[in-house]
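*Asks:* From first to last, the protein sequence lines stand for chains A and B. Heads up: the first sequence runs through residues 7 to 469, numbered per our numbering. Heads up: the second sequence runs through residues 161 to 650, numbered per our numbering.
Among the hints, a few may not be true.
[What the hints assert, rightly or not] One-sided and incomplete, this derived list gives chain A residues near chain B with beta-carbon spacing under 7 Å:
1. S76
2. N269
3. D272
4. D393
5. S394
6. T456
7. Q459
No lab work stands behind these hints: they were computed from the structure. Note that beta-carbon positions come from the ideal geometry of N, C-alpha and C, so glycine has one too.
In case you want the letters, here they are:
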Amino acid sequence: MQSQDSAVKVEKIASFTHQGIAALDQLIAKRLGNGEDKLINALRSKAALRAQQRAWPAADEEEWRRSRLSAFDFDSLLYGYDGVANLQSSDALIPDFLCKPVDPLDFDGCAELQSDDFSGMVKVKLGHSSVEYSLDVKSKGLYVGLLGDKSVPSALAAKALNILEDMIARSDNRFQSWNLAAYDLALLVCVEKNQTIEKPLVIDWQLSGEDKVLHGLVIVVLEESSSLTVLEHQSGSGGFLLNDGRYANVAANAQLNWNLVRNVGDEEVVVSHGHIVVERDARLKFAQSELGGGWVKTRLATDLAGEGADVHLEGLYFGHGSQHVDLRTVQNHLAPRASSRALYKGVVRDEARTIYQGLIFVAPGANKTDAYLNNRNLVLNDGARADSIPTLEIRTDDVKCSHGSTTSKLLDEHLFYLQNRGFSVKDAKAMLIEAFLGQVSGSMSELVQTKIQAVVLGRVEDV
Amino acid sequence: MKKQWFSTNRIQNAADSGTVASTLGAEEALKQQEDYKFGFAFPDASVFKTGKGINESVVKSISSHKNEPDWMLAYRLKSLEAFREKSMPNWGGDLSGIDFENIYYYAKPTQDAKTKWEELPADILETYRRLGLPEAEQKFLAGVGAQYDSEMVYHSIRKDLEDKGVIFTSPEEAVLKYPDLVKQYFGTVIPFNDNKFAALNSAAWSGGSFVYVPKGVKVDIPIQAYFRINSENFGQFERTLIIADEDSFVHYVEGCTAPIYSSDSLHSAVVEIIALKGSRVRYSTIQNWSNDVYNLVTKRAVAYEGATVEWVDGNLGSKRTMKYPAIYLKGKGSHGEVLSIAFASGGQEQDTGAKIVHLADDTSSVVTAKSISRSGGISSYRGLVKVNPGLKNVRAHVVCDALILDPQSTSNTYPYMEIHATDVSIEHEARVSRISEEQLFYLQTRGLDETEASMMIVNGFLDPLVKQLPMEYAMELNRLIELEMEGSVG
């Protein structure tokens, strides 16, 4: 049994006052001075170069056409942190976004969770002038640490570095390169060959800071025939830009199940890039719930890189107030006999605007591809807006690819039916919305469902 | 059975069309195959031709050759300005091969528009003969406006239509004879500065059709016009304006075939339809440009209260086609439909689709798009469904089906749905697949060889759209597709 007993370290460093892309080189040099590994530091410089060579994404780029940046001045944002966090022990608390319902059918509070219910718990606090990081990992074969520290065996860390290097080379817009150059910390999550991690790993991001840019980065390495479930939650407010990245390699026969719940404040700006490579006969299930953020732009790309790879992408979003939520998924079919599914369901109300842009790409030679993409939107009032752009690019013939998209209001028939059964209009609406999103949230871990439900119910109260 | 598809007798008598061609001997079929694709170009005998490239003096000379009033010249000149200012689209097909300086913008083939076939120059007549136009006319066609190069050279309209007050003429004549109608509607659906190619057309337009159907008049047989490009490096900028007055009905049919040339040609048409209250307009096109033509067309219709507009759009041939027939549903209860077929062979890119903008309550739209890609061809569906804020009871349904016939080909689908209203029902679905082996196997067990079976499946795939065309066009489309399928064209 690997034992990295509960550990915590709080490191406070005076705020780094330089701003934006222009200060990247200084930031990276300072990190080197603070003792960052040379190789890792050199990769930061590579990414910085890519960030500097590009302008901010412009409206003539299809992916950014509906999410204009002109309202923001990203170059004036301050970096929060310029050191390297270390690892120390402490007792990690069970994050409060997790809830195991006492009775799932008749919600009556949460049952008590023990740290033994998890394979590991990570809490990261970003913002202000410090990075706090606590870790509690107790499963054999699962290693969690920071890029550059020694908590992950070197063979696994080398694989993570390869992913990082590859993604730097493939990063194709300024935000993505910026994150890869300036990440406050890079969390490594690795599972050894043939290890099935039964219990979920929890990653809890607590974010804060005014006029700061927070750069979170997670790199996951799953070796052959391993499996892992990740429950990730992001919360916090204060007026920051969160520019984060999620990269993973799921090796042959491995299984990665990742639930991300983003529930930051309505003032926050979120840009997020993810890229997951899924190899032969490996499986990925990534479920994303976007509940918070005033202006959110995300992209999750998956490569079905080996025969028989299987990818399920699910997304749930609820835009309210004046939120702007723009989500993109990419199913890259690069190998034969792979299958992928994407299901994104969204509700939009008030003045909010949601955009879903999905792509199924089938490369030449990726025969017997079976891919489906589905986007459903529920528009609750005039003034709200939902754009749906499910696209296909198919470069070979032996495929089964399709997509569907629907956008509608709550149907009068459904409301009438429920009213007939004695529900008030309000309850009926809430029930229908919950059921609509339930198709996605219901497939996520039971432990995060309650939180999602609570947020959704809070938003439908006055519909 | 296959030989039937070699026939160039484009429009047969509806009754015997299925059998005549099948009696052709092998030699004759081969000869016709060589002939086919209307790849016969006659020596260029145009009477007047501007120099290559476009500038103020070219636009002025086009205008003066047409004896246009000043307001139209002014319109052309401000369009030219817009053309220069507008940038090329940064999406869709690759248009880098277009050299605007290397194109003739105007050629006038004969001095005056003729009214009888016999008076047409022999080479023009010969081309038409091969296309089967006289037969077409014999077949109860409401009127034939045939375009050879830029000018309407032949014109006929059935007497009874004239009596009903239906106007079917060239836009040039309309400018001179019906200036009020033209001023009222010309450029109102597609502004001169809508996009780079619409601006180019607005500056250099020549030929096309002008149709006005008065209140309450139902034109019960299709009105037809043929468009032909004949001069090498010659861009064709025809301009069509259809005005259907209240409670009228008209079906306009346009077919395009162009001869084969070695260097690139540009076709950039503008088609505007105004469907006033309670009217219905159907516009059917089959385009089979030769494989060096850039076909960049702006087509847009406005439907007022209770009106219906239908685009039936078949795209074969050309090097790049970018064409997205649009319907603006402006009036309460209006309805729009787009039926689109694209067939992309080697070296071709069919970037087609539909654009539906819901601007009023109780509007509905249906888009059905089918595409086939083969031999490395690229077909893309690009469509928009937009619903403006606050609208009630809006329905839109979009279905895209694509067949890919070999591993080298590409099929793309880019649907955009921008929904700003709540009382809506928007559905979109798309499927991409190849011909299923089960279907092939089934037909082969019934005694068809693989090629015949594939053709039958492709025909079946397109059938829902082909059925919407008038008989002779359905025949032609079927033949063109069979030819494409056999690889005898391409």
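*Asks:* Next, verify each hint and record whether it holds.
*Replies:* Verification of the supplied hints:
no.	hint	in the structure
1	S76	19 Å, violated
2	N269	25 Å, violated
3	D272	21 Å, violated
4	D393	5 Å, holds
5	S394	4 Å, holds
6	T456	29 Å, violated
7	Q459	23 Å, violated
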